[in-house]
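Novice: With these hints in hand, go ahead and build the complete structure from the sequences.
Read the sequence shown against my numbering and you will find it ends at 403, with the numbers running on by one and no gaps.
FYI, nobody ran anything at the bench for these hints, they're computed from the structure. Treat each hint with caution, since some may be false.
The calculated DSS-like cross-link candidates involving lysine-lysine, where the alpha carbons are at most 30 Å apart (straight line), are [claimed, not checked]:
1. K377 <-> K358
2. K180 <-> K285
3. K177 <-> K236
4. K134 <-> K171
Here the structure is a predicted model, which means the values were calculated and not measured.
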Amino acid sequence: MKILVIGAGNMGLTYAEGMSKSKLLKRRNIMVLDTSEEKLEALRKEAKFDTFKELADCVPQADIIFIAVKPYHAEGLMMKMEPLVNKGQIVISIMAGVTIKTIKVLTGLSKVVRAMPNLPAQIGKGLTSFVASEEVSRIELLTIESLLDTTGKSILVSDENFIDASTGISGSGPAYVFYFMQSMMEAALKMGFSKNVSKVLVSQTFTGAIELFNQNDLSPNSWMDKVASKGGTTRAALDSMDNNKVGELIKEAAFAAFERAIELGKEKSYV
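Specialist: Right under this line is the structure:
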């Protein structure tokens with residue numbers, strides 16, 4: 133099995149690196165294409181993957197074509213791919229807002245997977261939601277899942293609409309966490325802690341809370357009840373958040389990302 137990754141940006145290389153560790157592949161089974169000679173030269177020095185600048189030199193060789201370019205490059209790229217592909221190939225796209233229908237029409241391929249990763253994939257802790265066209269077989273789905281799992285965890289969703297929904301939760305979600313962390317660090321600085329100590333206080337608090345949550349079946353509300361005693365410091369903080377409707381604002385933010393993902397899909401529809 134040979135895989136072609138189109139786009140040597142952060143996410144493209146993250147998946148190339150991750151998939152190279154799969155038992156299904158070896159490094160030399162992964163091809164990387166990019167238009168930047170600088171990026172290609174850097175990859176050649178590392179000698180990890182076969183590198184290409186022209187679609188004609190690599191697209192026909194691939195079993196799976198992984199598209200990791202910006203959405204505004206989608207139309208031109210896929211139209212150039214169309215005369216080079218064969219019907220047995222599978223396309224995996226992480227282009228936001230580019231639908232399965234669009235990919236099918238522009239590439240002429242029927243086996244299409246649309247995926248939504250998130251930033252922690254860069255350290256093997258990512259979450260990728262994905263959905264496939266009905267032409268992708270069960271065995272092929274298992275292979276794809278195995279490849280996506282090399283960067284963390286993957287979730288197969290039943291409908292393409294859930295890709296937009298997962299954008300609002302997991303795709304954009306790390307930024308929400310960083311937003312909360314930034315606010316807590318600024319509060320720590322205002323209390324007199326140094327920058328380094330503030331970072332440790334906040335990062336270890338998040339790490340510990342997540343580990344507690346993952347290792348037990350308790351809900352977040354149950355954990356809050358365990359931490360917050362009546363009239364105590366934690367309850368004062370939680371009451372302040374409730375009074376300021378922080379919970380509602382977080383939900384509104386997630387839905388804002390979800391709705392923008394839907395808008396992008398309409399803007400990027402070429403069919």
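Novice: Quick check: which numbered hints come out false for this structure?
Specialist: Violated hint (a single one): 3; every other hint is consistent with the structure.
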